[in-house]
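Trainee: What follows is each chain in one-letter form.
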Amino acid sequence: MLKNVKLSVRLGGLFMIFLAAFGVFTLVAFRTVDEIKINSPLYRQIIQDKDVVADVLPPPEYIIESYLVVLQLLGDIDDATALRLYERSRALREEYDERHAVWVEELPEGPLRQALVVDSLTPAKSFYATRDQEYLPKIQQARAEQDPVVAAARRDEARKIVSDKLGPQYEQHRIAIDETVRLALAGSKRNEDRAAMILADRQRVMRWLAIGLVALALAIMMLTVGITGRLTRHLETATDAASRVASGDLTVSVAAESDDEAGRLLASIKAMTASLNSLVTRVKEASIQLMSTATQFSATSTEQEATINGFGASTAQIAAAVREISATSGELLTTMDNVRSVATAAARLADDGRAGLAGMDASMQQLDRSTGSISSKLSVIREKAADINVVVTTITKVADQTNLLSVNAAIEAEKAGEYGLGFLVLAREIRRLADQTAVSTLDIEQMVRQMQSAVTAGVMEMDRFAEDVRQGVTTVARIGAQLGEIIERVGAINQRFETVNEGMRAQSQGAKQINDAMLQLNEGARQSVSSVRELNSATSHLRTAVDGLKTEISHFKVSA
Amino acid sequence: MLVLIIQIGPDRFALDARVVREVVPAVALRALPHAPPEVAGLATWRGEVTPVIDLVRLLRGQPCPARMSSRLVVVDYPTPSGPRPLGLLAEQVTDVERIDERAAHDPGVTVPDAPYLGRVLRSPTIAHGALIQLVEVTALLPESLRALLYAAVAEAGREPA
Numbered sequence: 001m002l003k004n005v006k007l008s009v010r011l012g013g014l015f016m017i018f019l020a021a022f023g024v025f026t027l028v029a030f031r032t033v034d035e036i037k038i039n040s041p042l043y044r045q046i047i048q049d050k051d052v053v054a055d056v057l058p059p060p061e062y063i064i065e066s067y068l069v070v071l072q073l074l075g076d077i078d079d080a081t082a083l084r085l086y087e088r089s090r091a092l093r094e095e096y097d098e099r100h101a102v103w104v105e106e107l108p109e110g111p112l113r114q115a116l117v118v119d120s121l122t123p124a125k126s127f128y129a130t131r132d133q134e135y136l137p138k139i140q141q142a143r144a145e146q147d148p149v150v151a152a153a154r155r156d157e158a159r160k161i162v163s164d165k166l167g168p169q170y171e172q173h174r175i176a177i178d179e180t181v182r183l184a185l186a187g188s189k190r191n192e193d194r195a196a197m198i199l200a201d202r203q204r205v206m207r208w209l210a211i212g213l214v215a216l217a218l219a220i221m222m223l224t225v226g227i228t229g230r231l232t233r234h235l236e237t238a239t240d241a242a243s244r245v246a247s248g249d250l251t252v253s254v255a256a257e258s259d260d261e262a263g264r265l266l267a268s269i270k271a272m273t274a275s276l277n278s279l280v281t282r283v284k285e286a287s288i289q290l291m292s293t294a295t296q297f298s299a300t301s302t303e304q305e306a307t308i309n310g311f312g313a314s315t316a317q318i319a320a321a322v323r324e325i326s327a328t329s330g331e332l333l334t335t336m337d338n339v340r341s342v343a344t345a346a347a348r349l350a351d352d353g354r355a356g357l358a359g360m361d362a363s364m365q366q367l368d369r370s371t372g373s374i375s376s377k378l379s380v381i382r383e384k385a386a387d388i389n390v391v392v393t394t395i396t397k398v399a400d401q402t403n404l405l406s407v408n409a410a411i412e413a414e415k416a417g418e419y420g421l422g423f424l425v426l427a428r429e430i431r432r433l434a435d436q437t438a439v440s441t442l443d444i445e446q447m448v449r450q451m452q453s454a455v456t457a458g459v460m461e462m463d464r465f466a467e468d469v470r471q472g473v474t475t476v477a478r479i480g481a482q483l484g485e486i487i488e489r490v491g492a493i494n495q496r497f498e499t500v501n502e503g504m505r506a507q508s509q510g511a512k513q514i515n516d517a518m519l520q521l522n523e524g525a526r527q528s529v530s531s532v533r534e535l536n537s538a539t540s541h542l543r544t545a546v547d548g549l550k551t552e553i554s555h556f557k558v559s560a
Numbered sequence: 001m002l003v004l005i006i007q008i009g010p011d012r013f014a015l016d017a018r019v020v021r022e023v024v025p026a027v028a029l030r031a032l033p034h035a036p037p038e039v040a041g042l043a044t045w046r047g048e049v050t051p052v053i054d055l056v057r058l059l060r061g062q063p064c065p066a067r068m069s070s071r072l073v074v075v076d077y078p079t080p081s082g083p084r085p086l087g088l089l090a091e092q093v094t095d096v097e098r099i100d101e102r103a104a105h106d107p108g109v110t111v112p113d114a115p116y117l118g119r120v121l122r123s124p125t126i127a128h129g130a131l132i133q134l135v136e137v138t139a140l141l142p143e144s145l146r147a148l149l150y151a152a153v154a155e156a157g158r159e160p161a
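Chains A and B supply the protein sequences, listed in that same order.
Following the numbering used here, the numbering of the first sequence begins with 1 at its first residue and continues without gaps.
Following the numbering used here, the numbering of the second sequence begins with 1 at its first residue and continues without gaps.
Hints may contain errors.
As the list claims (entries may be wrong) - SDA-like, lysine to any residue: derived pairs with alpha carbons at most 25 Å apart:
no.	chain 1	residue 1	chain 2	residue 2
1	A	189	A	125
2	A	415	B	17
3	A	415	B	48
Claimed, not checked - Residues from chain A that keep clear of chain B, each with C-beta distances beyond 12 Å, as calculated:
no.	residue
4	220
5	366
6	414
Unchecked claim - Label-pair restraints from in silico Cβ distances:
no.	chain 1	residue 1	chain 2	residue 2	range
7	B	145	A	381	50 to 56 Å
8	A	381	B	78	55 to 61 Å
9	B	44	A	372	21 to 27 Å
10	A	425	B	101	16 to 22 Å
11	B	101	A	398	48 to 54 Å
12	A	398	B	30	26 to 32 Å
13	A	433	B	36	24 to 30 Å
Calculated from the structure, these hints are not laboratory results.
From a predicted model like this one, the values you see are computed outputs, not experimental measurements.
Just so it is clear, CB atoms sit at the ideal spot from N, CA and C, and this is done for glycine as well.
Please take these sequences and the hints and turn them into a complete structure.
Mentor: Okay, structure coming up:
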């Protein structure tokens, strides 16, 4: 029935049952102790101490001491003792009141309360009233009186008060107290009897409980033995299987029949055996493969060593080449700097040239304007020359007419014979004048013509010059634009130089880094060679180890 | 003797002032169609229709250049019906000169086609002594041309009437 319940659950269940039983037992024992604990040794000690005090001191609730003090005051005493007794009387009364108040609070209703709180209080109160109002004044008067006779009389009066009033009151009080004591003792006896009865009852219960506990312990022991037996059987099976596995027999088969810890242990051992079986099979195969791999590995590492040696030589060559590149790029950088400074100077010169051209352009335009003005003035001159020509033509015509007149006049004068002689002279003079005029006009005409041709040539020259100037202005503008382009291009070249410079620097730096890297690589190659050598020796070790492994593995018997 | 100096090409000629009626500017001429090339055309002088001979063409075979100094010299031409005006177109008609008739010589050469070229003489006023040849107006026109011209003039003169 409990076959498939886990061992821990079974043991836990037993422990819980035992704990419950022990708890019941403890509860019973504690209740007993709680109910009868007043009879414990410590309690008895405390009660004993209180009894001692109660036996030694006069009880405050019992006014016996007050009565004694009253009797003492009647005796022959000195003043100091009297004062002490007065004080004592007052204190006793206060103490009585205090304790009585306590008992009024504490006591339950019943005959005991009636006896102590009510029956003993009335005589006590009367006693204290008589003492303080009648007796003590008399005593004081007697002690204060100088006359011994009067003092003796007062003393007698006081003594009479004691015998008549205080004495009977005390007696009454004492009867009440006796009754109280009797009642209290009777209650105490009753309680002790009850305690003894409870104790006997609980002792019986506890005895039965102890018997039960012993029976429970026996049952648990039997169960445990049973469980341990099963467990031991399973463990023996497991141990047997494990020792067979340890000795290398992997053909063992284990039957796992239960689902508890032991069953699972057996199942695990079964699985483990199966795993080991396949593992050892695989290890055998793997060790064969490993052997061939180690052989290949050894060959490969030998080749690799040779390769790495070659690689070291190559890296050394590369490092040398990179150093040369670095040096070359450094020179190139210097050259680029020179070129850049030259280009900057060229740009500055071009800038100056452009500024000069701008000035020249302005001059050219001024010149153009001036030639235009000169041209227009020459045109004016040509027009004026044409005017002069008109005038000259007119003068020529007049001279011509004059000549004609003079010729005709001379002919007419000839025909007139002797009479015409004077007129003939006059006609000749006129003709000469006309001739001179004609010659002058010819000169003027000649001069005007020359002037005209000169002016025309000048105008043409001016036009050509103006054209040249215009072309010059255009050329200057073009040159200015070209210079601007040159400046721009030089600026662009500058920027590119910057870029190239940056690149050169980066290249130089990169070459240095490559150099460093090559050195490191070389070092690495050297280290690799030594590593490969170490690897070689490790491979031979590995082969030895694989041989050992094969030997070890051959100990295992493997099921197919 | 007073002569009117005319220039034809490089040569100087002279006309006797006594036959010259007047020197006038060369005006526009009315052309005569189919006339010989020497005939420059017809002009009107003082109300009379006057035939005009191009002296330059006659002497040098070239038309007279239209210059300011080219003028029309009106001379008296003897015809059977009395003297008639004849216009002569010549260059540089600008001067008259008094010459000594005794200093004139025969040229010694007679050209049959140019009977009008007369004596030659040295110019008194021109230092280098270029020779001046007198032109005889009476022998200027051949017979055929004279008849043609004055018939034409008669016709032209009749027309407006």
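Trainee: For residue 145 of chain B and residue 381 of chain A, compare the CB-CB distance with the range 50 to 56 Å and indicate the outcome.
Mentor: 54 Å, holds
Trainee: When you take the CB atoms of residue 101 of chain B and residue 398 of chain A, is the distance between them in 48 to 54 Å?
Mentor: Taking Cβ atoms as reference, residue 101 of chain B and residue 398 of chain A lie about 35 Å apart, which means the hint is violated.
Trainee: Could you check that no beta carbon of chain B comes within 12 Å of the beta carbon of residue 366 of chain A?
Mentor: Correct as stated: the minimum Cβ-Cβ distance to chain B is 49 Å, above 12 Å.
Trainee: State, for the Cβ atoms of residue 44 of chain B and residue 372 of chain A, whether the hinted interval 21 to 27 Å holds or is violated.
Mentor: 56 Å, violated
Trainee: Hinted pair, alpha-carbon criterion (25 Å max): residue 415 of chain A, residue 17 of chain B. Please report holds or violated.
Mentor: 8 Å, holds
Trainee: Quick check: does the Cβ-Cβ distance between residue 381 of chain A and residue 78 of chain B fall within 55 to 61 Å?
Mentor: Holds, at about 58 Å.
Trainee: For residue 414 of chain A, is the shortest beta carbon distance to chain B beyond 12 Å?
Mentor: 4 Å, violated
Trainee: Should the hint that residue 425 of chain A and residue 101 of chain B are 16 to 22 Å apart at their CB atoms be regarded as holding?
Mentor: 20 Å, holds
Trainee: If I take the minimum Cβ distance from residue 220 of chain A to any residue of chain B, is it greater than 12 Å?
Mentor: With a cut-off of 12 Å, residue 220 of chain A remains clear of chain B, as the shortest Cβ separation is near 177 Å.
Trainee: Taking only the CA atoms, is the gap from residue 415 of chain A to residue 48 of chain B under or equal to 25 Å?
Mentor: 22 Å, holds
Trainee: Given the proposed pairing of residue 189 of chain A with residue 125 of chain A, does the C-alpha separation stay at or below 25 Å?
Mentor: Cα-Cα ~31 Å, so violated.
Trainee: Just tell me: holds or violated, for the beta carbon distance of residue 433 of chain A and residue 36 of chain B against 24 to 30 Å?
Mentor: Distance hint for residue 433 of chain A, residue 36 of chain B is violated at roughly 40 Å.
When held up to the earlier numbered hints, the structure conflicts with 1, 6, 9, 11 and 13 and fits the remainder.
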